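Work the whole structure out from these sequences, hints included.
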Amino acid sequence: MPKKISIFINNKKYSAEIGQSVLDIAKQNNIDITTLCHHPDIKVQGSCRLCLVEIKGKKGLHTSCNTQVEDGMKILTDSKNISRAKQINLELIFSEHCEECGDCIYSQDCTIKEFAKKYDVKITKYEDRKKGYPVHKFGPALEFDTSKCIDCGLCVDVCKKEGVDFLEYKKKGKFYEVCPSSKKDKDCIYCGQCLTHCPVGAFEGVGEFEDVDKYIDVKGKTVVFQFAPSIRSSIGEEFGMPVGTVVTGKLIAAIKALGIEHVFDVCVGADMTTMEEATELIERLEDDKPLPMFTSCCPAWVKYLEFYRPDLIPNLTTVRSPQVIMGGIIKTYWAKQMNIKPKDIIVVGIMPCVAKKYEIERKQNYLNGMKAVDQILTTRELAHLLRKKKIDLASIKPDNAKSPLLKPSGAGVIYGSSGGVMESALRAAYKKMTGKRMPKLNLKEVRGIQGFKKAKIKIAGKTLKVGVVNGIANAKKLLKELEKDPKAYDYVEVMACFGGCIGGGGQPVPINDEIRQKRSAALYNLDTKKVARSADENPIIKKMYKDFFNDDKNRHSVCHTSFRKKKKEVFPKK
Amino acid sequence: MQKNTRLATRQENIIAKLKQADLRGRGGANFPTHSKWQMFADVDADKKYIVANGSEGEPNVLKDGYILKNHPEVLVEGLKIALETFKSSEAFIFLRRDYFKKYKKKLEKLIGDLPITVFREHGGYLSGEETVLCEEIEKNLPARPRTKPPYPGQVGINGLPTLINNIETFYYVAKISKNEYKKTRLYSITGKTFYKGVFELPVAWSIKKILTATKALPEFDYFVQVGGGASGDILLASETTQQVSGSGAIIIYDKEQTDPWVLMRTWIDFFMNENCDKCTPCREGSYRILEMVRDRQFDKKVLDDLFFVLENTSYCALGKSIPLPFKSAIKKLLAHTRN
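In order, the protein sequence lines correspond to chains G and U.
Residue numbers for the first sequence follow our numbering, so the first one is 1 and each next one is one higher.
Residue numbers for the second sequence follow our numbering, so the first one is 1001 and each next one is one higher.
Some hints here could point you the wrong way.
Derived EDC-like pairs: lysine to aspartate or glutamate, alpha-carbon spacing no greater than 20 Å straight-line [said to hold, decoys possible]:
hint, chain 1, residue 1, chain 2, residue 2
1, G, Lys80, U, Glu1311
2, G, Lys56, U, Glu1311
3, G, Lys130, U, Glu1291
4, G, Lys125, U, Asp1299
5, G, Lys172, U, Asp1269
6, G, Lys43, U, Glu1138
7, G, Lys174, U, Asp1304
8, G, Lys174, U, Glu1274
9, G, Lys174, U, Asp1269
10, G, Lys113, G, Glu99
11, U, Lys1148, G, Asp24
12, G, Lys131, U, Glu1291
13, G, Lys80, U, Asp1304
14, G, Lys58, U, Glu1311
15, U, Lys1320, G, Glu54
16, G, Lys125, G, Glu100
17, G, Lys161, U, Glu1138
18, U, Lys1139, G, Asp185
19, U, Lys1301, G, Glu127
20, G, Lys125, U, Asp1295
21, G, Lys125, U, Glu1274
22, U, Lys1139, G, Glu100
23, U, Lys1300, G, Glu127
24, G, Lys122, U, Asp1304
25, G, Lys171, U, Asp1269
Keep in mind that the hints were calculated from the coordinates and are not lab data.
Since we're looking at a predicted model, the values are computed, not measured.
In structure tokens form, the structure reads like this:
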């Protein structure tokens, strides 16, 4: 048990534990302290020098983030000197941040602008030091505008925590700068955690926000939108709704208000992924094919394997990700129903992810020579587009459209959370292997936002060893276990982003564990309310298998992909 | 048991001797060595590290190089005493790159079977900072300072207690142990004099006395920078009755012929090149000082602001130390100019 002590903040007594920081106690007690480089996901940086306090008996000012509490410590969070130092340090921070407020992920809620107001900061006191600094492009997924970077270090550390370690400090002239690695054996996997952890918007998705309305109105084309499982419990935040609010009906209504007639739910594609993946799992278990089978619906994880561990490519399931399958269904099955030529359809996907911008470009995901999905807008980008068109998601009347391609099973919905793919596939595999519905549908062992989950699941007399990880660092731990014991797992789900897609690089900011938890819980809650809990119970899936996917050629071209060893694609811009 | 008792006695003896000699850290911080050793002895751990710090990164400080060249056996002797004092310990001699190249072989010969590794520094000036040194030995590069506390004496290299003393400190530990310490220290004298060099003279002597004894006392109107060639304080000829602070460097300047702006430029260039750019005031503040020095004009209010955040909010001692030489130079050397 850690020792309990008392400290005093602004003359009020608070209890604390040895080992906690002054900032920890202030945050616990809702005492306002200015922080910029502090992120609950990442170890303390101590770089911005804004969270200043005075401590009785200790000279000068101290940063609360890396000052440990001591018994009887007397702390002031406000004084003339504190305000003065914050103001000066903020002026210096602004001197390295070239503002581009209109095109910034924080345009709605900018922390430094708020601080500037509070501390009477003259943001143009110094000339911009970083004017003309390079913009690094990370494939078709991300951009890093170094002229906005304030050198806080969060992106470097989150990339390290992710297990990729692609961002590094490099000395250029007199300054160290954050830079993509030029090393041959390192590459970006496009997860976008740098973006969601940057406090000042130095990272953005490619096309964010300038391309948001590129396909809204294209003459002679039918533009359709599809939205990923996790969007329904996250986009509300962009419109001031409480974290974890489910807004499926409002989302459909808002997209339709953009003039888009046809809207699809990628969860239906997820149900298709589940069916195919369950089949492949059973085949692998029976036919002595490479095990464990790895999920492949996270493009950042796929990129990781293709670049860093191509030896493991045979373990990836060949089933396409839900959004690619859904795009395929739209451009084949639905196109035929509607009597529209596939090439006249433009599919825009609303994704929680910047790596999906890369996934749609992969030739292996094409469909009869064309892209299955034509454009990706992140959750943030769709919100921006709606705001631009003056559509308020919060107040719009929900559209409860009943189209079958908007009706997933509960299993399709939970794809958005770490463990969801695994649970969905196991529900379907159970049905396939036993002919019965899984008796215990809620696989609590694989749920939750923790990084590494393991379970043993009994199906038809077999015990399946499954692993569910989020964050590549955890995937690497699992791969280490496999080196020691190749039979440690039969089936493994990997999501690059912490908590799964609900914590994706395309999701609203800020992000932390509490937010991840709420977004995730909302999805599991939706699952329990569905009649069809398993993909195989979804009527439209049954119908498509009967009418369309009974043809193996259709099934293969829409539902399956391939992988290839990759060379480094991202280099620092000179 | 008997062995432990003997070890404890040896520990008590050497620490008592260090206390009696009033040896203080010669890296520049002047911290009582016996206190550091006592605190290190009091930490319970299965393994401990000892480091002789030979980073010597500040301009015009030459004393560690002098010991490495002339008395490396005394340094190794000092480390041997520390290794015998602290059970299950292992040592490093942490050297700037040129020292490593020059003295590695010689040191290794003297080290023989002792558990001492000669380590090549990766960075520059900042690598001498204790926590940065730990990061470098752990190969976390580019190394940046860690939050203190915990101090390396509690949590240092690989999470283990680490005793870090300057090379000169270990040199004197050996002397004290053999009862040969005569309360001296090493002074590096450079600048405008024919009598440059490293001199071993009493701690208690004033700057003037040292300059006189070494024949370096100028006949022209001069000032000195004392402690180090970047962070050291500026003292006019009339102020040389004080003792030398910091790492024992005295740099002599011709007052008439020295352009203070050029001098300040060398300091700020040095700080900007050597800092780690981690924290806002040091990274951005030093750059804005450079701009003003380059333009040979200080905006007093801006400069006051920058000094304020450097002194009060820098992450480590490097940033905190930047204002001092500028403040004294402005007061003493620029007093008659319009700034």
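Against the structure, the hints come out as follows:
Between Lys80(G) and Glu1311(U), the direct Cα distance comes to roughly 16 Å. Compliance with the 20 Å bound is thereby established for this hinted pair. Taking the CA atoms of Lys56(G) and Glu1311(U), the gap is near 18 Å; set against the 20 Å cutoff, the hint holds. For the hint pairing Lys130(G) with Glu1291(U), the CA-to-CA distance comes to about 14 Å; that is within 20 Å, so the pair holds. Taking the CA atoms of Lys125(G) and Asp1299(U), the gap is about 12 Å. The hint holds against a cut of 20 Å.
Restraint check for Lys172(G) and Asp1269(U): satisfied, since their Cα atoms lie roughly 14 Å apart, inside the 20 Å limit. At most 20 Å may separate the alpha-carbon atoms for a hinted pair to count; Lys43(G) and Glu1138(U) meet this at roughly 18 Å. With a CA separation close to 23 Å, the supplied pair Lys174(G) and Asp1304(U) exceeds the 20 Å bound. A threshold of 20 Å between alpha carbons decides the hint, and for Lys174(G) with Glu1274(U) the separation of about 9 Å falls inside it, so the pair holds.
As the CA atoms of Lys174(G) and Asp1269(U) are separated by approximately 8 Å, the hinted pair is consistent with the 20 Å bound. Taking the CA atoms of Lys113(G) and Glu99(G), the gap is about 10 Å. The hint holds against a cut of 20 Å. For a cut-off of 20 Å, the pair hint linking Lys1148(U) to Asp24(G) stands: about 17 Å separates their Cα positions. A hinted pair counts as satisfied when its Cα atoms are at most 20 Å apart, and Lys131(G) with Glu1291(U) qualifies at roughly 16 Å.
Taking the CA atoms of Lys80(G) and Asp1304(U), the gap is near 15 Å; set against the 20 Å cutoff, the hint holds. Of the supplied pair hints, the one linking Lys58(G) and Glu1311(U) holds, its CA atoms being roughly 14 Å apart against a limit of 20 Å. A C-alpha spacing of about 17 Å is found between Lys1320(U) and Glu54(G), which places the hinted pair at or below 20 Å, so the restraint holds. Distance hint between Lys125(G) and Glu100(G) is fulfilled; the C-alpha atoms sit about 17 Å from each other, no more than 20 Å.
For the hint pairing Lys161(G) with Glu1138(U), the CA-to-CA distance comes to about 18 Å; that is within 20 Å, so the pair holds. For a cut-off of 20 Å, the pair hint linking Lys1139(U) to Asp185(G) stands: about 19 Å separates their Cα positions. Under the criterion of a C-alpha separation no larger than 20 Å, the hint pairing Lys1301(U) with Glu127(G) is consistent with the structure, at around 17 Å. For the given pair, Lys125(G) sits about 17 Å from Asp1295(U) by alpha-carbon distance, which is consistent with the 20 Å threshold.
Taking the CA atoms of Lys125(G) and Glu1274(U), the gap is near 26 Å; set against the 20 Å cutoff, the hint is violated. For a cut-off of 20 Å, the pair hint linking Lys1139(U) to Glu100(G) is broken: about 38 Å separates their Cα positions. Between the alpha carbons of Lys1300(U) and Glu127(G) the distance comes to roughly 18 Å, so the proposed pair stays at or under 20 Å and holds. Between Lys122(G) and Asp1304(U) the alpha-carbon distance is near 16 Å, which keeps this suggested pair within the 20 Å criterion.
The suggested pairing of Lys171(G) with Asp1269(U) holds, with an alpha-carbon distance near 15 Å, which does not exceed 20 Å.
Violated hints, listed in ascending order, are 7, 21, 22; each of the other numbered hints is respected by the structure.
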